[in-house]
Amino acid sequence: MSGITQLSQESFDSDGNKALRTTMAAVGEAVLGKEDQIRMALCCLLARGHLLIEDLPGMGKTTLAHALGDALGLNYQRIQFTSDMLPADVLGASIFDRDSASFRFVPGPVFTQLLLADEVNRTTPKTQSALLEAMEERQVSIDGVSHPLPKPFFVIATQNPGSQSGTYPLPESQLDRFLMRIELGYPGHDAERLMLQAGLSGQHKTSVRQCMSVDMLIDLQDRVDHVKVSEPLLDYLQRLVDYSRTAADFAYGLSPRGTLSLLQAAKSWAFIDGRNHVIPEDVQSVLPWVASHRLASTNGTLSNGLSLVAQMLDAVDVL
Amino acid sequence: MSAAEQIPRNSIIWLLSAQLAVIIPLMGLMSWWMIAFWLLCAVWRVAMFRGEASFPGKIVRGTLVALGGLGVAISFSGLGSLEIAVALLILAFSLKLIEVRTRRDMYLVFCLALFIVAAAFLFSQSIFLAIYQVFSVVLIITAMVATQHSLYNREPALAMRMAGKLVAQAVPVMILFFLVFPRIEPIWSVPTNVPSAGIGMSDNIEPGDIAKLNQSDELAFRVEFDGPMPLREDMYWRGMTLSNFDGRKWSVGSYLTRNPGSENLAAKYELYGEPLRYKMTIEPTGKNWLFMLPIAIPIDSTQGSTMAFVQTEDFALRSVMALDRPVGIEVESYVNYSVGLNITEAQRVEYTKLPAGFNPRALSFAADLRERTASPQEYVDQLSKYMLEQDFYYTLEPPALGRDTVDDFIFGTRRGYCEHYANAFAFLLRAANIPARVVVGYQGGEINPHNMTLNVRQLDAHAWIEYWRAGSGWLRLDPTYIVAPDRIHLGFDGSLERDSEFANNKLLSPLFYKNMGLIKALRLRLDAINYTWQKKVVGFGADEQRDVLNDLLGGVTSLKLGILVAGILLIVLGILALWILRGARGINFSPEKMLYLKFCKKVSARLGLFRTKSETPQAFAERIIEKYPQSAEQIRAITTQYNEIAYADERSAANLDQLKAYIAGFQPSLARAKL
Chain L
70 MSGITQLSQE SFDSDGNKAL RTTMAAVGEA VLGKEDQIRM ALCCLLARGH LLIEDLPGMG
130 KTTLAHALGD ALGLNYQRIQ FTSDMLPADV LGASIFDRDS ASFRFVPGPV FTQLLLADEV
190 NRTTPKTQSA LLEAMEERQV SIDGVSHPLP KPFFVIATQN PGSQSGTYPL PESQLDRFLM
250 RIELGYPGHD AERLMLQAGL SGQHKTSVRQ CMSVDMLIDL QDRVDHVKVS EPLLDYLQRL
310 VDYSRTAADF AYGLSPRGTL SLLQAAKSWA FIDGRNHVIP EDVQSVLPWV ASHRLASTNG
370 TLSNGLSLVA QMLDAVDVL
Chain C
720 MSAAEQIPRN SIIWLLSAQL AVIIPLMGLM SWWMIAFWLL CAVWRVAMFR GEASFPGKIV
780 RGTLVALGGL GVAISFSGLG SLEIAVALLI LAFSLKLIEV RTRRDMYLVF CLALFIVAAA
840 FLFSQSIFLA IYQVFSVVLI ITAMVATQHS LYNREPALAM RMAGKLVAQA VPVMILFFLV
900 FPRIEPIWSV PTNVPSAGIG MSDNIEPGDI AKLNQSDELA FRVEFDGPMP LREDMYWRGM
960 TLSNFDGRKW SVGSYLTRNP GSENLAAKYE LYGEPLRYKM TIEPTGKNWL FMLPIAIPID
1020 STQGSTMAFV QTEDFALRSV MALDRPVGIE VESYVNYSVG LNITEAQRVE YTKLPAGFNP
1080 RALSFAADLR ERTASPQEYV DQLSKYMLEQ DFYYTLEPPA LGRDTVDDFI FGTRRGYCEH
1140 YANAFAFLLR AANIPARVVV GYQGGEINPH NMTLNVRQLD AHAWIEYWRA GSGWLRLDPT
1200 YIVAPDRIHL GFDGSLERDS EFANNKLLSP LFYKNMGLIK ALRLRLDAIN YTWQKKVVGF
1260 GADEQRDVLN DLLGGVTSLK LGILVAGILL IVLGILALWI LRGARGINFS PEKMLYLKFC
1320 KKVSARLGLF RTKSETPQAF AERIIEKYPQ SAEQIRAITT QYNEIAYADE RSAANLDQLK
1380 AYIAGFQPSL ARAKL
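Chains as they are written, first to last, in my numbering: chain L, 70 to 388; chain C, 720 to 1394.
Hints may contain errors.
[Claimed, not checked] Listed below are the simulated DSS-like cross-link pairs for lysine-lysine, each with C-alpha atoms no more than 30 Å apart in a straight line:
id : chain 1 : residue 1 : chain 2 : residue 2
1  : C       : K998      : C       : K1254
2  : C       : K1379     : L       : K297
3  : C       : K884      : C       : K815
4  : C       : K777      : C       : K815
5  : C       : K968      : C       : K1072
6  : C       : K1279     : C       : K1254
7  : C       : K1312     : L       : K297
8  : L       : K297      : C       : K1332
9  : C       : K1072     : C       : K1006
10 : C       : K1317     : L       : K297
11 : C       : K1379     : C       : K1346
12 : C       : K1317     : C       : K1379
No wet-lab data here; the hints were simulated from the structure. Note that this is a predicted model, so its numbers are computed, not measured.
Generate the whole structure from the sequences, applying the supplied hints.
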């Protein structure tokens, strides 16, 4: 993850920006050496998108989700998915109340501002799709009654790579519901040393201070919507999308939902960078994480989404 | 073999069709069992694909190779080494089919196929084969493309279009090389196309030899006259003279073999009038004899070419090297001449010598007739008259003759063909002590009205005689003309039109179809096209190349040649570039983009840095600054200004002017750059 631009312009929103920076710094204390991923996760959240973190067990997926929830002051729930879980375990159920002699809806863990869905690919497709529908609709319908989910509603799902045993890989149609999919990767040498030293002295931070209120977060999300997008930038965006749809190596291109996600993520990235307009760097920065899980190559396993994105970036003219 | 390694179905089909395509032109060379061999391999291959057969083991493969080699050794014994080599190549090509496991093996087969395409040209260089081979090449390339890429494997039409495009792109380069690539004389020579026994004239004839030749439609040579064509009955294409008679066979005389040529021959003949000029293209015969209108003198034909000629004692032309490839020569013929006005005693003996104990009746007949005539010339005239008046017939299928061929012929069968008449006439002249010899060559030929060339085929082969008369020298006499003037006037097939028996026997022979009007017209038209091809393309040798380049450049120097090649390449590449860049035209760039591109141009021209497609203005700026830190501020200002205008929607006249001013003020120079 690269391309964090050094040529930042003067901030157009010092308040919001400052809060974002402190948030990133606070989360960075809990998840060491992953500044880029933290920033990308925050970008995803500001764009009102859901985040999928895919990596091997023990890489700090859950830690990152916890830290974000703490720093943003969101109430959060965590579901550890298992293979015997049912949709009701996620969404909640109507229970007969003997006192009032009527059915009463008992909300499930999904009714929260930040939901951490751990190892979402360990559960059955039925339960997965219950969660993913709630993510898309931002409401839960049970027995003909719609129950709106709180605002903001943000899902961080983690999953193990598909090659691990005992998994039900998410189908493409459901992967599309996540705005971004990121990988954490192994920590760098220095970060790992720091982590080891903190672990020895028992100083490692597990809780993160709150840096932002919920109202402020909602306000920032609204402001992301107002980031300007120029014609030349839209041209660039469309060239990228067209390339993914026409090039021979791509089994299928980006969907219109994917295009919209890309634009929203780019706006959010520009906002974090302190700009009121999107520049090509923003698109290039978010593209791998917005597009890679929505693409597949024609020659099967030879190249994954990320190499397709690299090909796309190389082939499409910025100007 | 796992499924992943299995060669896809379509590739197998392509492979088989490409193989078939390249084998077809060589079918004539292959024996029937080789075709069966290929079919066996093909069926085996398909069975392997369907899982009904397995890959052959080492023993099976070894056995097949041994069997094939043995087969070639048997079928091709007595043929040239070239045929054997090509047969072995095809054999290996067939066998490879059951050995192909991976894509890499497929490519090997394709390369072999291309090689065989080239090998087919060793046996024929006709335009029809050339056109056919273009399709073969496209087919092979299609097969390659289809094997290379899964998309093309699924879509044969796409693969074929791609292959066509590739071949079409190679054409300009091919033409260029054809024109300018030096024609290097081969360091080693392929023993090309030595005709198999029975084709063309041999050094001796016995009754029946020419009749055999006359059943062949094969081309002997073509003639293109500079001026008007002489009459058909005057066109005696004279080859060698046969002076040695052993009772059955006429062969090249020992006198001639001893004196194959001499320098001062010109003193021995007198030539009158204007010569006929013509250009001959001679098909390879594997022998040295040339067939010309007498007396022929090659014009400068040795200049720049490897052909060298010897004029023999009997005023025929011999090539020093055997004719093993098509040869073009230009000749002047003086058809009015007198040669051999004086002959030596040794020559007189040579040309009147007869073997003892043959044809007693003919000998006494000759003695009798000679006694009744006053002069040798009268004897000749009387003999001619005798032939004309008696019951002699001209036929291609004469009865067999016994030991005394002349006796049997004159007093028995009286049915014969040109060599029977020549044989008898020469014998009777010699019997009367008149020097005589048999001449073999071709008579007439077929005029192609489309390009006014004369095609002389093997079926025009002919034999006649020459006799010596004091004061006149050697004179030509054609006994066949006396008996069957149609043979001379109408040509060989004209004279046979009534000989329906002959034609009916050969329903499949080209002769049969030759007589059908439409087919004849078509054949002549195709022949004209092929001749042009042979002359202009196949015959484009070192001399022609020099001429063309001379015309084009006015004197060839390596500089001019270099400029020509570079120029043509430039034009071709330029057209390609225009074609590729066509997409970029017609787009109206925004003013800030125009300005920014100007900036990029300046950077590339002055600092040698090029923006890559995927590079954003800011990333590019960083790269420039790294090389040219002096102007960091300016570069950043330009980039920021551009970003503001393009992406922050701040497009105003003032901002654009500002950007313009920034770019105008940016004057980097490489001399100060950080290298």
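Going through the hints against the structure:
Between C:K998 and C:K1254 the alpha-carbon distance is near 11 Å, which keeps this suggested pair within the 30 Å criterion. A C-alpha spacing of about 24 Å is found between C:K1379 and L:K297, which places the hinted pair at or below 30 Å, so the restraint holds. Using a Cα cut-off of 30 Å, the hinted pair C:K884 and C:K815 holds, with the two alpha carbons roughly 29 Å apart. About 13 Å separates the Cα atoms of C:K777 and C:K815, which keeps this hinted pair within 30 Å; it holds.
With a C-alpha separation of about 14 Å, the suggested pairing of C:K968 with C:K1072 holds against the 30 Å cut-off. The straight-line distance between the Cα atoms of C:K1279 and C:K1254 is roughly 27 Å, inside the 30 Å bound, and the hint therefore holds. Restraint check: the Cα-Cα separation between C:K1312 and L:K297 comes to about 19 Å, which is no more than 30 Å; the hinted pair holds. Note on L:K297 and C:K1332: the hinted pairing holds, with a Cα-Cα distance of about 24 Å set against a maximum of 30 Å.
With a CA separation close to 27 Å, the supplied pair C:K1072 and C:K1006 stays within the 30 Å bound. Proposed proximity of C:K1317 and L:K297 is supported: the alpha carbons are some 27 Å apart, at most 30 Å. Only pairs whose Cα atoms come within 30 Å are accepted, and C:K1379 paired with C:K1346 is accepted, the gap being roughly 23 Å. Of the supplied pair hints, the one linking C:K1317 and C:K1379 holds, its CA atoms being roughly 10 Å apart against a limit of 30 Å.
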